[in-house]
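K.L.:
Residue numbers (my numbering), protein chains in the order written: chain L, 1 to 349; chain A, 1 to 83; chain P, 1 to 457.
Hints were generated in silico from the structure; no laboratory data involved. Don't take every hint at face value.
No more than 35 angstroms apart at the CA atoms, straight line, and that leaves these computed lysine-lysine pairs for DSBU-like [unchecked claim]:
#1 P:Lys8 with L:Lys84
#2 A:Lys58 with P:Lys8
#3 P:Lys299 with L:Lys136
#4 A:Lys38 with P:Lys299
#5 L:Lys251 with L:Lys237
#6 L:Lys103 with P:Lys329
#7 P:Lys65 with P:Lys329
#8 L:Lys109 with P:Lys75
#9 A:Lys53 with P:Lys18
#10 P:Lys18 with L:Lys237
#11 A:Lys53 with P:Lys45
#12 L:Lys107 with P:Lys75
#13 A:Lys58 with P:Lys45
#14 P:Lys80 with P:Lys18
#15 A:Lys47 with P:Lys329
#16 L:Lys229 with L:Lys324
#17 P:Lys170 with L:Lys103
#18 A:Lys47 with P:Lys45
#19 A:Lys53 with P:Lys453
#20 L:Lys103 with P:Lys8
#21 P:Lys88 with P:Lys211
#22 A:Lys2 with P:Lys18
#23 P:Lys116 with P:Lys65
#24 A:Lys58 with P:Lys18
Derived Cβ-Cβ restraints for the label pairs, each shown as a range [stated by the list, open to error]:
#25 A:Asp40 with L:Lys185: 50 to 56 angstroms
#26 A:Asn6 with P:Leu331: 50 to 56 angstroms
#27 L:Lys235 with A:Ser10: 33 to 39 angstroms
#28 P:Ala426 with L:Glu312: 46 to 52 angstroms
#29 L:Thr119 with P:Val136: 53 to 59 angstroms
#30 L:Glu83 with P:Lys65: 27 to 33 angstroms
So the derived list for chain L, only partly shown, Cβ under 7 angstroms to chain P, looks like this [said to hold, decoys possible]:
#31 Tyr149
#32 Ser152
#33 Ala156
#34 Ser344
Just so you know, even glycine gets a beta-carbon here, dropped at the ideal spot from N, CA and C.
The lines below spell out each chain.
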Amino acid sequence: MQNKKTFTVALTGLNAVDSPGPGVPVARGIRECEDFNVRIIGLSYESLEPGIYMEGITDKAYQIPYPSAGSESLLTRLEYIHEKEKIDVLIPNFDAELYNFIKLSPKLKEMGIHTFLPTTEQFEARDKINLFSFCKKHNFLVPRDRTIYAASELSAAAAHFNYPLVVKGKYYDATVCQTLEQAQKAFHKLEAKWGLPVIAQEFIHGTEINVAALGDGNGNTISAIPMRKLFITDKGKAWAGVTLEDSKLIKLAKDFIRATNWRGGCELELMVTTDGRPYFMEVNPRFPAWIYLTVGAGQNQPAALVKMALGEKIEPYTSYSVGKTFIRYSWDMIIDIEQFQHFSALGEN
Amino acid sequence: MKLLSNIAVSESGYLFNPTNGDSFSSNPVATDIISLLKQDKSPEEIKQFILSKYDVEKSTVERDLDEFLQELRDNYLMNSNAK
Amino acid sequence: MTSETKAKLRYERPIIRKMNSGLMNKFGTRTEYAPTSHIDNVPVKRLIDDYGSPCFVISERTMRKTYQSAVRAFKTRYPKVQFAWSYKTNYIDAVCNVFHQEGSWAEVVSGFEYEKAIRNGVPGNKIIFNGPDKTVEELKRAIENESLIHIDHFDELYDLIEITETSSKKARVAIRVNMDVGVYPLWDRFGFNYESYQAWQAIVKIMNCEKMELVGLHCHIGTFMLTANAYAVAAAKLCDLAYNIRLKWNTRIQYLDLGGGFASTNTLRGSYLPGVDSSPGFDDYAEAITSTILNFGFKQEELPLLILETGRALIDDAGYLLGTVLANKRLSDGRRATIMDFGVNILFTAFWYEHKISPAQEFTHHSEEMVVFGPLCMNIDKIRESVNLPLLSRGDHVVVHKVGAYNMTQWMQFISMRPNVVMIDAKGEVHKIRDRETIDTLTSQEHMPSHLKTFKL
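So that you can see chain L by itself, here it is in the shape it has in the complex (with noise of 0.2 angstroms):
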C-alpha cells in the first residue's frame, strides 16, 4: 500500500470556464485513483485558464504554443518541459492540438512521454469530413452531408437537405440556421474562424444522447457511459446531465469500438429518433468535459487511460450506477495580479 507509485501526468484543456475543456475533470479523475500517486502538469493555452491556479488540480503549469504554429514549436516546448519535470503519461483533451500530438507520439514515446491516443487513421475516419462515408461503411446511421467550399454551394445543399440546416466548422462549432441568409453567414464566421471546408449537414430531430468510451485500441471496450443532458447552457453546453440505462446504445459504443480498434476516449454524440434510431452526429476523439460524471458513476475512465498509457492491462468495467447527475457550477477564485503576470510573462508559474 504505501510503496504507490508516483507519475507525472501532463495535461490540457484546464479551460475550466462556461464552455469547458475536459483538463480539469480528467486530472480529478487521476487523483481519485487509489492505485497510483500522481504529480498533474498542466499545460495551457492563455494565461487565464482557471486549471493553472485552481488548488488541488495542478502541481505546475506551463504554456504551450497554439496547435497553428506547427508540431515542431509544440515538440521544442515539450522538450523542455519534460526536461523539468520527467512527464510519464501526456493526455492532450483539445481536437485542434490532437493532430499534432498524434504526429509526435512516436518522438514522445522516445523521450519516455506515454501516451494512449487514436491512430491518424482512427483520427481521420471520424473526422466531420469522412463521418458520413464512415458510418455508411459500417452501417451506422448519419445524417446526410456535403463538403462546402464556398457560399454559393449552400442554397444546393439546402435544396437537398431542406431547412433547418446545420453548418458545421471544420474543428468546432455548429449552427442550425433556417433560412439561405443564416447560412451564408455561419459559413463566412466558420470559414474564418478555422478554415475550409465548412460542412452543410441534414437536421435530424431527436433527443441528444452522448456516450463518453474508451477503447483499449484492440477493439475492445474499456467504459462506455450514455448521458442525456437535463440542462444546457446557451452554447449549448450540458450544465447538468445524468447517467442513462440503455444496452442498446452501449452496444452501439462498443461496435463503433471494434470497428475502429479505437485507442483512448472519445465522445460520441448521438441523436436518438423518436423510434428509437441512434443517428451519430459527430464523435470527439478524446473525453468530453463531463468526464468526471463516469467517475462519480463508477468507472473512473482516465485513470483507466494512464494505466494504459503505460503498458498495464485492464479489464473492462461491468457496471455502473444509474441516474447519476452532474451539475456543474462556477466559482469565484481569488488571485493576485502577480500571479497572472508571472505566469503570462514566463510561461509557467
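Got chain L sorted already, so can you dock chains A and P onto it with the hints?
P.N.:
Just chains A and P now, kept in the frame of chain L:
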C-alpha cells in the same frame, strides 16, 4: 509629460495599471526608461542614461524614445498634457 | 577606449507588450523566428555583401536531396517511374540542369519553354509538350523531334490531324484528361473531360488517325493538393481509359502521366495548421498513385511507365529570398509595420502563402506582432498580414523561406528591377546563376520615335 503615479512597476519589468486593469511586460531598455520616468527624469536625462548604458547611436535613441513615449501615451500609461 | 564603452550593453528598441491581448502566446514559438544566419553554411551577411539585397538563393543540395527522396518514394513502390521537370515552376537554366543531371525529362507549356529545354540539351523525345498554347510551327517541330505532345483541346487535335497528313513522321501524342476527383475546384478548363466521354471521343479520333500514335494518358488534377487520395481517384480513371483502349484496339498505352500539383510544406494563407504538418509527403502521394495502378489488374510486363511532373514540391524548399529592413513604423491603430526591400513584385507567392520569415541575426526573446510590407508604392504590397517577429531595426537582414517555386518565373519587373539569383552548390561554393536586371536590360527593348527625343522643361 509624466508616468501616471499609480502605475505599478515590478523589478522583472511588469507594469500594472490599476486604473484600467491593463498588464504589460517590457524589455530591459523599456524597463529602464519607465523606472527613470517614475523618478521624474526628463527625456534628455533618459537619453543620456541610455547612451551611457547601451551601445547605441544618439539618433536612434532619440527616435525610439519619442516613439516609445508615444506608445506609453497610447496605452494610457502617461498623462499627455502636463509639461 | 574607456572601460565604460567596453561595458556597454547591447541595445534593443524599447517595447512594452500588453499581456493576454488574445494574440498567440510566444512560448515555444521561437522556432517560428529562430535566426537563419547561414544557408548551407554560407553566411547570409556575406551573400548580401556580395550579391546585394534583395537576392534569391537556391540550395543545390536541398534540390538534389528533395528530388532523390521523391524518386525514392515512387521507385520503391513501382517499377517504372520517370520525372519530368516542370519548366514553368523555375526555368532558370542552372535550376533545370540540376534536375536534368538527376535524370529528369523536361515538361514545357509554351514554345519559349520548349526552346529553353532544347537549348539546355534535352533530347526532343524526352520533352513533354503540354498546355493549350501550341502554334502550328511549334507542333511541327515537336513532331520532327519526336516529343510527347499532350493534346489539350479538339482544335489542337484537328491541327495535328492536318499537320500529320503531310509530315514524314508520326506524331507521338497523349491527351490530357480532366475529371472529378472529389476536390474543389474542378480543373475542367484543361484537357478533355472523363465523365462526359469527351476524353473517349478524343481517343477514338486519335486511334482513327494513322499518322498519330497514342502513347500516353495525362492528367493534372489541381495545384497544392492537400489530399493524396485525389490522386488515387485520378489514377484509377486513367487506368480505366488505358484498359478500355487495350480492349477496343489491342493497343498498349505506354505511360500514365499523373502530372503535378503536390503540395510543398509552405503554409497556405488562412489555413489553421502550418504546411509542414498538414501537407502530404511524397510517400503519401506515391502510395495513393502506385497502389491504384498496381492493383488495377495490368499484366506485370504491361505496367505503364509512370510519369510525374511535380514542380513546386521539388523546388520550393530549396529557394530563399534574402532581404533587408528599410524602415519601421507604427500604424494608426498602434500596430507595428516593417517595410522590407522586397515586395510582391518579386515574391509573388506572398499572395497565397504565409511565408516563414526569419531574422538573419541573433535576437533577444522579445518579439512583437507586425505587418510586413514590401517597398512598392502600392497598397497590395503586403508580405505578411500579421506575424510575430523579434524587434527588427533598419538595416537588419531577413530570410524568407521556401520561395523556390514560381517566384523566379512569375516575378514582375515593376517599379524596381529583378535581383540577382545565386546557387550554392553541394560543396558550399556560391555561383551567380542570373544577373540582376539593370536599367539597360529594360531600355534596350525600347524604341524612341525621333520626334520625342528632346524636350525642354
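K.L.:
Hints first: check each against the structure and report whether it holds.
P.N.:
Now for the hints, and whether the structure bears them out:
no., hint, in the structure
1, P:Lys8 with L:Lys84, "holds (34 angstroms)"
2, A:Lys58 with P:Lys8, "holds (14 angstroms)"
3, P:Lys299 with L:Lys136, "holds (33 angstroms)"
4, A:Lys38 with P:Lys299, "violated (85 angstroms)"
5, L:Lys251 with L:Lys237, "holds (25 angstroms)"
6, L:Lys103 with P:Lys329, "violated (40 angstroms)"
7, P:Lys65 with P:Lys329, "violated (41 angstroms)"
8, L:Lys109 with P:Lys75, "holds (31 angstroms)"
9, A:Lys53 with P:Lys18, "holds (26 angstroms)"
10, P:Lys18 with L:Lys237, "holds (31 angstroms)"
11, A:Lys53 with P:Lys45, "holds (28 angstroms)"
12, L:Lys107 with P:Lys75, "holds (28 angstroms)"
13, A:Lys58 with P:Lys45, "holds (25 angstroms)"
14, P:Lys80 with P:Lys18, "violated (59 angstroms)"
15, A:Lys47 with P:Lys329, "holds (20 angstroms)"
16, L:Lys229 with L:Lys324, "holds (12 angstroms)"
17, P:Lys170 with L:Lys103, "violated (52 angstroms)"
18, A:Lys47 with P:Lys45, "holds (31 angstroms)"
19, A:Lys53 with P:Lys453, "violated (60 angstroms)"
20, L:Lys103 with P:Lys8, "violated (46 angstroms)"
21, P:Lys88 with P:Lys211, "holds (30 angstroms)"
22, A:Lys2 with P:Lys18, "holds (20 angstroms)"
23, P:Lys116 with P:Lys65, "holds (24 angstroms)"
24, A:Lys58 with P:Lys18, "holds (28 angstroms)"
25, A:Asp40 with L:Lys185: 50 to 56 angstroms, "holds (54 angstroms)"
26, A:Asn6 with P:Leu331: 50 to 56 angstroms, "violated (29 angstroms)"
27, L:Lys235 with A:Ser10: 33 to 39 angstroms, "holds (37 angstroms)"
28, P:Ala426 with L:Glu312: 46 to 52 angstroms, "holds (51 angstroms)"
29, L:Thr119 with P:Val136: 53 to 59 angstroms, "holds (56 angstroms)"
30, L:Glu83 with P:Lys65: 27 to 33 angstroms, "holds (31 angstroms)"
31, Tyr149, "holds (4 angstroms)"
32, Ser152, "violated (11 angstroms)"
33, Ala156, "violated (13 angstroms)"
34, Ser344, "holds (4 angstroms)"
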